[in-house]
Structures are given as structure tokens and as C-alpha cells.
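Asker: Sequence:
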Amino acid sequence: MAKNPNLTLTGSDLAALLCSRVCHDVISPVGAINNGLELLDEGGSDADALDLIRTSAHNASVRLKFARLAFGASGSVGASIDTGEAEKAIRDFAAAEKKTEITWNGPRAIIAKNRVKMLMNLFLVAYGSVPRGGSIDVTLENPETDAKFTLVAKGRIMRLPPKFMEINSGHVEEAVDAHTIQPYYTVLLAEEAGMRMHAVQTEDALVYTAEMAATE
Numbered sequence: 479m480a481k482n483p484n485l486t487l488t489g490s491d492l493a494a495l496l497c498s499r500v501c502h503d504v505i506s507p508v509g510a511i512n513n514g515l516e517l518l519d520e521g522g523s524d525a526d527a528l529d530l531i532r533t534s535a536h537n538a539s540v541r542l543k544f545a546r547l548a549f550g551a552s553g554s555v556g557a558s559i560d561t562g563e564a565e566k567a568i569r570d571f572a573a574a575e576k577k578t579e580i581t582w583n584g585p586r587a588i589i590a591k592n593r594v595k596m597l598m599n600l601f602l603v604a605y606g607s608v609p610r611g612g613s614i615d616v617t618l619e620n621p622e623t624d625a626k627f628t629l630v631a632k633g634r635i636m637r638l639p640p641k642f643m644e645i646n647s648g649h650v651e652e653a654v655d656a657h658t659i660q661p662y663y664t665v666l667l668a669e670e671a672g673m674r675m676h677a678v679q680t681e682d683a684l685v686y687t688a689e690m691a692a693t694e
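Residue numbering for the sequence shown is 479 to 694, as defined by the working numbering.
Please keep in mind that the hints were generated in silico from the structure rather than gathered at the bench.
Beta carbons are placed, not taken as given, at the ideal position from N, Cα and C, and that holds for glycine.
One or more of the hints may lead you astray.
Stated by the list, open to error - Below are the DSBU-like pairs computed for lysine-lysine, each with C-alpha atoms no more than 35 angstroms apart in a straight line:
hint: 1; residue 1: Lys591; residue 2: Lys632
hint: 2; residue 1: Lys641; residue 2: Lys566
hint: 3; residue 1: Lys577; residue 2: Lys591
hint: 4; residue 1: Lys543; residue 2: Lys591
hint: 5; residue 1: Lys543; residue 2: Lys626
hint: 6; residue 1: Lys641; residue 2: Lys543
hint: 7; residue 1: Lys626; residue 2: Lys577
hint: 8; residue 1: Lys543; residue 2: Lys632
hint: 9; residue 1: Lys543; residue 2: Lys576
hint: 10; residue 1: Lys591; residue 2: Lys626
hint: 11; residue 1: Lys641; residue 2: Lys576
hint: 12; residue 1: Lys632; residue 2: Lys566
hint: 13; residue 1: Lys543; residue 2: Lys566
hint: 14; residue 1: Lys632; residue 2: Lys576
hint: 15; residue 1: Lys591; residue 2: Lys566
hint: 16; residue 1: Lys641; residue 2: Lys626
hint: 17; residue 1: Lys577; residue 2: Lys641
hint: 18; residue 1: Lys591; residue 2: Lys576
hint: 19; residue 1: Lys566; residue 2: Lys577
hint: 20; residue 1: Lys641; residue 2: Lys591
hint: 21; residue 1: Lys566; residue 2: Lys626
hint: 22; residue 1: Lys566; residue 2: Lys576
hint: 23; residue 1: Lys632; residue 2: Lys577
hint: 24; residue 1: Lys577; residue 2: Lys543
hint: 25; residue 1: Lys626; residue 2: Lys576
Said to hold, decoys possible - Now the in silico label distances, taken between C-beta atoms and shown as ranges:
hint: 26; residue 1: Glu563; residue 2: Asn620; range: 16 to 26 angstroms
hint: 27; residue 1: Met643; residue 2: Ile505; range: 21 to 31 angstroms
hint: 28; residue 1: Pro483; residue 2: Asn513; range: 36 to 46 angstroms
hint: 29; residue 1: Pro483; residue 2: Ser539; range: 35 to 45 angstroms
hint: 30; residue 1: Asn620; residue 2: Leu528; range: 46 to 56 angstroms
hint: 31; residue 1: Leu492; residue 2: Lys577; range: 25 to 35 angstroms
hint: 32; residue 1: Asp526; residue 2: Asn620; range: 45 to 55 angstroms
hint: 33; residue 1: Asn482; residue 2: Ala535; range: 35 to 45 angstroms
hint: 34; residue 1: Val678; residue 2: Glu516; range: 46 to 56 angstroms
hint: 35; residue 1: Gly550; residue 2: Glu520; range: 29 to 39 angstroms
hint: 36; residue 1: Glu516; residue 2: Asn482; range: 38 to 48 angstroms
hint: 37; residue 1: Asn482; residue 2: Asp526; range: 46 to 56 angstroms
hint: 38; residue 1: Glu516; residue 2: Leu485; range: 42 to 52 angstroms
Build out the structure end to end from the sequences listed, making use of the hints.
Answerer: This is how it looks when you write it as C-alpha cells:
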């Protein structure tokens with residue numbers, strides 16, 4: 479399997495950019511919790527303030543749990559992960575955001591950590607490609623052996639993410655930053671898992687696939 483020439487970040491740069499990404503994802507709900515507390519201090523509606531705090535705390539918790547599995551160590555080096563954990567994290571993430579329906583098909587299995595992390599990051603790519611919401615169908619085939627993952631995203635607005643397409647194709651020259659680290663990490667995980675990713679736009683959907691690469 480040929481190496482992707484775009485995957486050149488050092489370990490320290492990769493870690494720093496991923497940390498920036500996680501902080502970006504949780505700062506909004508944490509800020510909303512603070513707003514709810516300020517509303518209480520100012521004598522506002524207790525019900526409204528508590529509802530804002532409760533909702534924002536749940537959102538922050540869901541995002542952190544997702545990030546721990548998608549970006550974190552999730553066990554020791556070389557560990558395996560239950561795909562059921564990924565399914566729950568993805569369903570909880572989508573439910574908290576309240577704009578995208580998830581359908582999950584395929585057997586539950588305990589498989590290589592990077593394969594699960596790649597699946598979760600590919601979900602984030604697909605999720606971002608339907609910004610107004612819609613649906614994402616996730617299908618797992620032979621996850622323990624000759625794995626193939628297919629994600630079909632549908633929505634009122636659909637667009638294949640240009641940065642993901644560039645990084646995955648190996649033809650991008652711009653430096654990776656905190657805004658593009660997530661698609662970069664997705665491609666890196668796919669390479670480490672020995673998988674190839676493809677993305678195409680049909681008349682009514684965006685179709686993302688990841689499957690085991692042929693051994694050269």
C-alpha cells in the first residue's frame with residue numbers, strides 16, 4: 479500500500495492540532511453552561527437557566543465521550559474496540575445535535591482500535607458534508623476480516639468536503655491547521671489500518687467507503 483505524501487505531520491504537531499480540535503468542539507456547550515449560571519446569578523428564569531445548563535452539560539459530555547473514542551487512546555497500544563461503543567457514541571452525538579438521523583447496519587464486533595477510530599472520524603467527515611442535517615446510513619461488512627465500511631449521507635445541502643478529498647487524494651500543498659486536522663487524521667487512521675477511502679456524490683447522496691487495501 480503506497481504511502482500518502484500528505485501525511486507528514488510530526489507527532490507533536492498532530493497532538494497539538496487534535497487538542498485544538500477537541501477544545502473547539504467543547505468550548506461552545508461549556509460556554510453555554512456559564513451563560514446559564516450567569517442567568518441564575520442575575521435573577522432570570524430559574525427554569526430557563528436550568529434547562530440551558532442541563533442541555534449544555536449533556537452536549538459537552540456527549541462530545542467529550544465521542545472525542546475520547548475517536549481521538550483518544552481508548553486503551554493500550556494495539557488494543558481492540560467494540561463497534562457497539564462506536565455506534566452508541568455516534569448515535570448519542572447525532573441525538574444531541576438534533577439534526578441528523580442515524581441508521582446502523584452490520585454485525586457487532588471487537589476489532590482493531592484504529593479501524594474503529596477511522597470509522598468514527600469518517601462519520602465526522604460525512605456529518606460535516608450535510609451541514610443542515612439529514613440522514614447518515616452506516617453499514618459495516620466483515621468488520622473483523624475483510625472490512626468494508628459504507629456511509630451514505632443525505633440532506634437538503636450536500637457537498638463533498640474539499641479538504642478531505644484533497645488530503646485523501648494526496649494532492650494538497652497547503653499546510654494542515656486546526657480546521658483541517660480532522661480530515662487529515664481520518665486519512666492517517668485509514669492508512670494505519672490498511673484501508674483505502676473513496677467518496678463520490680450521486681444524484682441524491684454522498685457515499686463514503688473505506689475498505690481493506692490490496693497488499694502490494
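Asker: Look at each hint and say if it fits the structure.
Answerer: Hint by hint, here is what the structure shows:
Distance check on the hinted pair: lysine 591 and lysine 632 sit about 28 angstroms apart at the alpha-carbon level, within 35 angstroms; holds. Of the pairs offered as hints, the one joining lysine 641 and lysine 566 holds, with about 27 angstroms between alpha carbons and a cut-off of 35 angstroms not exceeded. This hinted pair checks out: lysine 577 and lysine 591 have alpha carbons roughly 28 angstroms apart, not beyond 35 angstroms. Proximity of lysine 543 to lysine 591 is assessed by CA-CA distance (about 16 angstroms); at most 35 angstroms being required, the pair is judged to hold.
Only pairs whose Cα atoms come within 35 angstroms are accepted, and lysine 543 paired with lysine 626 is accepted, the gap being roughly 25 angstroms. Taking the CA atoms of lysine 641 and lysine 543, the gap is about 26 angstroms. The hint holds against a cut of 35 angstroms. Among the hinted pairs, lysine 626 with lysine 577 is consistent with the structure: their alpha-carbon atoms are about 26 angstroms apart, no more than 35 angstroms. Taking the CA atoms of lysine 543 and lysine 632, the gap is about 25 angstroms. The hint holds against a cut of 35 angstroms.
Among the hinted pairs, lysine 543 with lysine 576 is consistent with the structure: their alpha-carbon atoms are about 17 angstroms apart, no more than 35 angstroms. Of the pairs offered as hints, the one joining lysine 591 and lysine 626 holds, with about 15 angstroms between alpha carbons and a cut-off of 35 angstroms not exceeded. With a CA separation close to 26 angstroms, the supplied pair lysine 641 and lysine 576 stays within the 35 angstroms bound. Taken as a hint, the lysine 632 and lysine 566 pair is honoured in the structure, with Cα atoms around 21 angstroms apart against an allowance of 35 angstroms.
Between lysine 543 and lysine 566 the CA atoms are separated by roughly 10 angstroms; this keeps the pair inside 35 angstroms, and the hint holds. Using a Cα cut-off of 35 angstroms, the hinted pair lysine 632 and lysine 576 holds, with the two alpha carbons roughly 15 angstroms apart. The hinted pair formed by lysine 591 and lysine 566 meets the criterion: a straight-line CA distance of about 16 angstroms does not exceed 35 angstroms. For the proposed pair lysine 641 and lysine 626, the alpha carbon gap of about 23 angstroms is at most 35 angstroms, so the pair holds.
For a cut-off of 35 angstroms, the pair hint linking lysine 577 to lysine 641 stands: about 23 angstroms separates their Cα positions. For the suggested pair lysine 591 and lysine 576, the alpha carbons sit about 28 angstroms apart, so the restraint of at most 35 angstroms is met. Taken as a hint, the lysine 566 and lysine 577 pair is honoured in the structure, with Cα atoms around 17 angstroms apart against an allowance of 35 angstroms. Only pairs whose Cα atoms come within 35 angstroms are accepted, and lysine 641 paired with lysine 591 is accepted, the gap being roughly 25 angstroms.
For the proposed pair lysine 566 and lysine 626, the alpha carbon gap of about 19 angstroms is at most 35 angstroms, so the pair holds. Restraint check for lysine 566 and lysine 576: satisfied, since their Cα atoms lie roughly 15 angstroms apart, inside the 35 angstroms limit. A distance of roughly 12 angstroms separates the Cα atoms of lysine 632 and lysine 577; the hinted pair therefore holds under the 35 angstroms criterion. Restraint check for lysine 577 and lysine 543: the C-alpha separation of about 19 angstroms stays at or below 35 angstroms, so the hint holds.
Only pairs whose Cα atoms come within 35 angstroms are accepted, and lysine 626 paired with lysine 576 is accepted, the gap being roughly 28 angstroms. Taking 16 to 26 angstroms as the suggested C-beta distance range, the pair glutamate 563 and asparagine 620 conforms, at roughly 19 angstroms. Taking 21 to 31 angstroms as the suggested C-beta distance range, the pair methionine 643 and isoleucine 505 conforms, at roughly 28 angstroms. Take proline 483 and asparagine 513: their Cβ atoms lie about 45 angstroms apart, and the range 36 to 46 angstroms holds.
At about 39 angstroms, the beta-carbon gap between proline 483 and serine 539 stays in the expected band of 35 to 45 angstroms. Against the hinted window of 46 to 56 angstroms, the Cβ-Cβ separation of asparagine 620 and leucine 528 comes to about 47 angstroms, which satisfies the hint. About 30 angstroms separates the C-beta atoms of leucine 492 and lysine 577, a value consistent with the hinted range of 25 to 35 angstroms. Range check, aspartate 526 to asparagine 620: Cβ separation about 50 angstroms, and the 45 to 55 angstroms hint holds.
About 39 angstroms separates the C-beta atoms of asparagine 482 and alanine 535, a value consistent with the hinted range of 35 to 45 angstroms. A beta carbon spacing of about 47 angstroms between valine 678 and glutamate 516 agrees with the range 46 to 56 angstroms that was offered as a hint. The beta-carbon spacing between glycine 550 and glutamate 520, approximately 37 angstroms, falls within the hinted interval of 29 to 39 angstroms. A hinted range of 38 to 48 angstroms for the beta carbons of glutamate 516 and asparagine 482 is consistent with their spacing of about 47 angstroms.
Against the hinted window of 46 to 56 angstroms, the Cβ-Cβ separation of asparagine 482 and aspartate 526 comes to about 49 angstroms, which satisfies the hint. Between glutamate 516 and leucine 485 the beta carbon distance is about 44 angstroms. The supplied range of 42 to 52 angstroms therefore holds.
Violated hints: none; the structure is consistent with every hint.
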